[in-house]
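> Sequence:
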Amino acid sequence: MNRLTGRFFFLSFFIVQTALADVRLPNVFGSHMVLQRRKPVPVWGWADAGEKVTVTLASQTKTTKAGKDGKWRISLDPMEAGGPYQLLVKGKKNTVTFDDVLAGEVWICSGQSNMEWPLAAAANAKTEIPIANFPNIRQLLVKKDLSLTPKENIEGNWSVCTPATAPQFTAVGYFFAKQLQKELNVPIGLINTSWGGTHSETWTSREAMNQHDELKLVAGKLPATDEEVIRSGAARTQALLKTQQGGLPTPVEEQTWASAALNDSDWKSMNMPGDWEWGGLPTLDGVVWFRQEITVPEGSKLQKVTLHMDSVDDNDSTFVNGQLVGSTKGRGARVYTLPEGLLKPGRNVVAVRVTDTGGSGGLMGDPQKLNLSGDGLLIPLAGKWKYRVANVFASSYKPGPNTYATQLFNAMLNPLIPYAVQGAIWYQGESNAGRAYQYRKTFPLMIQDWRQHWGYDFPFLFVQLASFNAANGDSRHGSNWAELREAQTLTLQLPNTGMAVTSDIGERSDIHPKNKLDVGNRLAAEAMRVAYAKAGDASRGPMFEKMTVDGNRAIVTFRSVGSGLVAKDKYGYLKGFEVAGADQKFYYAKAEIQGNTVVVHADSVTAPMAVRYGWADDNGDINLYNQENFPAVPFRTDTWKGITEAAKFGDQS
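Residue numbers -21 to -1, 1 to 632, in mature numbering (1 follows the signal peptide of the UniProt record, and there is no 0), belong to the letters of the sequence shown in order.
Heads up, a few of these hints could be off.
Label-pair distances were calculated between CB atoms; the ranges are [stated by the list, open to error]: (1) Gln234 / Leu473: 39 to 47 Å; (2) Ile273 / Glu162: 57 to 65 Å; (3) Gly309 / Leu473: 28 to 36 Å; (4) Thr316 / Gln606: 33 to 41 Å; (5) Thr222 / Thr285: 33 to 41 Å; (6) Pro63 / Thr106: 26 to 34 Å; (7) Thr285 / Gly325: 39 to 47 Å.
Distance condition first, Cα-Cα at most 20 Å in a straight line; then the derived EDC-like pairs of lysine to aspartate or glutamate [as the list claims (entries may be wrong)]: (8) Lys280 / Glu319; (9) Lys247 / Glu277; (10) Lys547 / Asp617; (11) Lys323 / Glu272; (12) Lys377 / Asp548.
None of these hints come from the bench; they were simulated from the model.
We put the CB at the ideal spot given by N, CA and C, even for glycine.
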């Protein structure tokens, strides 16, 4: 080692040692944070082994020493709402200072896209954001991250709610906090840790999964480290390419894939529209070609023909009979006008080169909006397409949030523990609807898991899925969406839980309903009931209690009726009720309110055996409320049909 190298080594070592000597705290702490009132306040971090650490907040000063592992923790005494304060954490060589600290109510906001949905995209954003000047409402936005092992820190900062920062607040959380502050008149802190499209299993710890018979098998297959994930991802991609004749193409060879004359008999098939990660290309980010042969009837008018695609994830170049007809970057609808004379009677070939930069990939959206159309011509293109991989990006070797269970718990929740909180609000379930029956166990398991890690049974409030036409599901065809709602309702058996019903404020064709105001307000009403014991039973809608039969009439009794049942209809008609006899065939029923009951009957059913209400993916026509304006919870009195018996969990290998 020469003298220069030696000096550099010494200086680097000195810098590292000095950095390690600094007392540090995780990023859940920061200026502008809200600390939970009326509970002990844990404060923790890192320092040198044995280093003395002093924490001062308001009139409190406490001291501890870092352990052999360099970790330290202090519990401050409970305090009432107030502030602003300064939190000082002093070590041997440095002092960490956090300013503008408030004490109030802290709530975790978590789930998938409907919780992640920002205020900027909510229905009333234009009128709400300019007036969003609420200095006592704060948000910690947790940056998205993945890990197969528990992490100790997150990336994120606390921000004060102003018209400049409010657009990035979770919309549901913002309206929830706004209403809570109105009710309680104390500061409200939101910890926004959410990720769109995620399953509940990825928000559940490995320890909890090992307590569940099916999830235990999934947990046993989890890679031990993130490095192992990268290796397995590379191996998975290589295995995929081995099944593809000829491997990846050369640029010259790829140029021939648009041609109608190409022999694609050795290409594999996949249904489109859809996400190719579920169609045979898990974790793949890259370029994939899709081809479909179509037959144009003789005598068709072939002027002004357009090719429609509802959406592509992410970019496309689209060819008809080898000729480029359009190219678009970014998601969204495509409408390409074909040059006159390009489409001919008989055999034609549509080829789409899709580039996916991350996450889902493929031709997406409504199957009915994937077609060729013209004057008197309509050729559906939804169905089987031939496909072949043209390129694989490096990101394919990295997992997505659902590739393995427990990743988001480790990276986006574990580092928050044991930060003192009042409770959690949760909006998720869309991604678990295909395994709704399992959700009866996995969702309560996740709630109990969080509570166990925090060490107390904090209130857990959740949003029941809104109306959405997921797959035309109903009593006749089965409805995963309805079953998922049922699983959510059953979760209310856990103590200190509450549910906001939103079946009446969904959007038939949009899984992300823009009305987040009512969602937040209904969660706040449940918070007042569950967490603050100030709302009695008037924060929830009517819930099915029992059914009796009187001749050809079914009499359904409800609880949580508040000041009484009411039909939201100018003529007083109830909608959404169905009734069935022993043949298990459901018929739309006439229903009328009588006291705390609803009497249901149908001419086709002489001896009722079961009643359903709002039992469909899109149940937006239901209109039973209590006089406090809370909608009735969808229900069924039977268990005849529609139970999706434990479908296998998603790919966790």
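> Hint by hint, where does the structure go against what was stated? Just the numbers, ascending.
Violated: hints 1, 3, 4, 7, 9, 10, 12.
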